[in-house]
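Enquirer: Same order as they appear, the protein sequences are chains G and R. Under this note's numbering, the residue at position 66 of the first sequence is numbered 66, and the numbers go up by one with no gaps. Under this note's numbering, the residue at position 198 of the second sequence is numbered 198, and the numbers go up by one with no gaps.
No wet-lab data here; the hints were simulated from the structure. We put the beta carbon where it would ideally sit given N, CA and C, even for glycine.
Which chain G residues stay away from chain R? Per the calculated CB distances, all over 10 Å, these: (1) 61; (2) 97; (3) 100.
On the chain R side, residues computed to face chain G include the following (Cβ under 8 Å): (4) 66; (5) 108; (6) 187; (7) 229; (8) 239.
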Amino acid sequence: MTFESFTAILAMALAAYAVRAGGLLIGRRLPQSGAVAEWLREVPAAILVAVVAPEIFRGGPAAVLGGAITALVMWRSRNLFLAIGAGVLAVVGARHLMAGF
Amino acid sequence: MTDDSERPRRSGGEGAPIPKEEKSGGTDFLRGLRISLPLAAGVAAYGLVFGVLAREAGLSVADVALMSGVVFTGSAQFVALTLWAASPPVLALAFATLAVNLRYVLMAAALRDLFARTSRLKAFAAVFLVNDESWALTMGEAARGGASASFMVGSALALYAAWLGSTVAGRVIGAAIGDPSRWGIDFAFTATFLALLMGMLRGKRDILPWMVSAAVAIVASLYLPGKWYILIGGVAGATAGALRRDV
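Full structure from sequences and hints, please.
Expert: Here's what the structure looks like:
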């Protein structure tokens with residue numbers, strides 16, 4: 001490892017910790033009730049939707065099918081491993097089928 | 001995993017209740033770790049891919065180990081590979097890490113109830129381990145009243161080990177792994193978060209905010225670089241959800 005790459009990785013580490021610790025600090029200072037607290041409670045699901053939706057949009061029909069199967073299996077079984085596995089298998093299968101045409 | 005997931009879900013409205021006592025810290029830690037094993041398998045899959053790409057980008061084994069060990073954020077590390085050079089641009093890398101990970105400000109802020117009873121020192125140590133998967137899992141548990149700081153740390157340590165181990169392994173094994181899309185590994189990421197999201201579904205009232213979040217995120221992803229769409233879509237969806245509640 002060179003001194004340059006060591007410095008670069010350290011700078012990245014500082015940045016990565018700063019956003020996490022910054023969020024903790026901000027969270028502690030935000031009011032515990034009222035509109036801001038209500039809003040903060042809506043954040044988790046909204047962030048996850050924003051992570052997932054563009055990925056499925058970019059992934060096309062195979063990703064839409066995989067997404068539907070993942071959601072369905074998770075809804076029925078409440079088993080993460082099963083849901084992720086079924087979704088991935090569906091996508092691999094759909095890609096193979098589509099590559100055949 | 002089934003015994004925890006079978007538990008009846010509390011309907012939302014009171015937000016994330018805090019566990020009454022912290023004496024179950026050890027069991028919560030182990031529970032978080034155990035529930036996270038399938039997530040760790042998914043993380044290891046894209047960790048391998050990262051290792052392979054890191055080799056092509058010119059990172060040494062030590063570079064990969066140090067980066068995964070002290071940065072510990074998949075998205076920023078993947079972006080860093082595109083900027084890497086024989087003499088890496090320090091400021092560009094730091095700025096890219098900050099920009100790609102701005103969502104963590106919001107995510108860590110949403111964890112505040114979890115850390116309400118832990119000491120400042122412990123909270124600031126634990127927050128280093130916050131990652132997308134453990135965070136999503138923990139928020140889902142919190143909605144059902146079963147989360148604690150120990151639960152999050154247990155989950156995060158399982159993923160930390162998986163990420164560190166798999167990125168280094170990928171760097172060492174290298175090209176033998178080949179194209180990740182052949183194995184559907186690229187979709188494992190999406191499937192993971194979609195499955196975790198399903199655990200947060202509270203009913204019809206979620207439809208509108210989720211649609212707002214999805215639509216804004218998709219449009220933003222088409223026009224903005226990097227991961228800004230996550231932050232923008234998340235803010236839009238949360239705002240729609242909070243406004244709807246007031247009506």
